[in-house]
Amino acid sequence: MLTSHQSLIGGLKQQVTAVSPATQQQIRHFSRRRIAYPSYKAPKLGRTHKKDHRTTLRYQMQCFLGKKNYKNEYLDNRYFDAPKDHRPNYITPFSEQGSPLVDYKTGQVKNLKGEVVEGGFVPTRNFEDALRPFPHNSHCKTGFNLSKRDRDQIYKKIAVDGIPAQKVAVDMGIKIPRLEATVKLREIEKKWGKRKLITPELKKMSETMYKMFPLFSTRNTRENLSEIPVPEKTLSSRFMTIAESEPFGPIEASKVYDLPPAVDLLKKAAEHGEHSETTLDPKEEARLQREQFKKKFLFAKKKTDRYAFEFKKAKVGEVGFRYGTTLRDNKKDRKIDFDNSGKMIYALPQSG
1 MLTSHQSLIG GLKQQVTAVS PATQQQIRHF SRRRIAYPSY KAPKLGRTHK KDHRTTLRYQ
61 MQCFLGKKNY KNEYLDNRYF DAPKDHRPNY ITPFSEQGSP LVDYKTGQVK NLKGEVVEGG
121 FVPTRNFEDA LRPFPHNSHC KTGFNLSKRD RDQIYKKIAV DGIPAQKVAV DMGIKIPRLE
181 ATVKLREIEK KWGKRKLITP ELKKMSETMY KMFPLFSTRN TRENLSEIPV PEKTLSSRFM
241 TIAESEPFGP IEASKVYDLP PAVDLLKKAA EHGEHSETTL DPKEEARLQR EQFKKKFLFA
301 KKKTDRYAFE FKKAKVGEVG FRYGTTLRDN KKDRKIDFDN SGKMIYALPQ SG
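Using our numbering, you'd call the opening residue of the sequence shown number 1 and step up by one each time.
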């Protein structure tokens, strides 16, 4: 009995040692996986009670959020409340080094226990860095919001005084579509005010959003008025087959997308608009609308069939494949043909 037990153990040892190289490689690959801990010196959980099932990452998350009050609000976290000084408050893990807890009354740095940290300071950033929601991406920046004074001034100049949108755009450094949208939104706001549709909740949300974003300045943050707008047709890709010797450049690409030259695009963006300087006379505009109405409704409509499919007479040998014909898909002596792009294809068998 003892010898059989020893032989069984020896067989198990041989099975354990005879592990394939692929299995060993998988085990080594799995052992190299590491948890993504913060790059800065983060607090560690240490020894806890046996009923405390928190992990180190959960403990570090609690250290980041801080303690919550009876309303489940993390008032000590400086990212909890929305900014109120027209300066975005994006998370900056590399500058704060894992200490975002501050006293919301005094502004002093605190730890997880609620104690004030001596020598702690809240990191500050310059205005350019504060506009970046992603610290490593310098090209992604927060847009500027128009101040209430600028909105009133735009509406007064365009809608009341009748100044062309082109002149206002050059004076204030704002693009014409944005000026048109500002006037339109102000008109909607006035209509809603007369109908008493602006509730206190809407006012509170509007005021909160207004304080969160930076304000536009006609001196420092002027928009590029000569920028070509992105055509809507170029937002989707198009694929086409061309010959290798066929020239294809920007002019051919514009023909594929049916785009006019850049000069015409800039002219259209600068002149067209409801409050544009080149707006037609009211009589001329009414005449064009009447002509468009006649073309759309008064002319005789082309008579078409009710159904998308219809039956037509055709000869049996010219339509489709004849029943009972053998297909040569798996034969070696198939006929070779070329398509319109010059690609070699197998020709379909002739019916008849």
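These are calculated hints, taken from the structure and not from any lab test.
Warning: the hint list may mix true and false statements.
Said to hold, decoys possible - Pairs of lysine to aspartate or glutamate residues, derived as EDC-like cross-links and limited to a Cα-Cα distance of at most 16 Å, are as follows:
hint, residue 1, residue 2
1, Lys-204, Asp-81
2, Lys-267, Glu-227
3, Lys-268, Glu-227
4, Lys-157, Glu-180
How the hints compare with the structure:
1. Using a Cα cut-off of 16 Å, the hinted pair Lys-204 and Asp-81 holds, with the two alpha carbons roughly 14 Å apart.
2. For the suggested pair Lys-267 and Glu-227, the alpha carbons sit about 11 Å apart, so the restraint of at most 16 Å is met.
3. Straight-line distance between C-alpha atoms of Lys-268 and Glu-227 comes to about 12 Å, which keeps the hinted pair within the 16 Å bound.
4. About 12 Å separates the Cα atoms of Lys-157 and Glu-180, which keeps this hinted pair within 16 Å; it holds.
In this structure, every one of the numbered hints holds.
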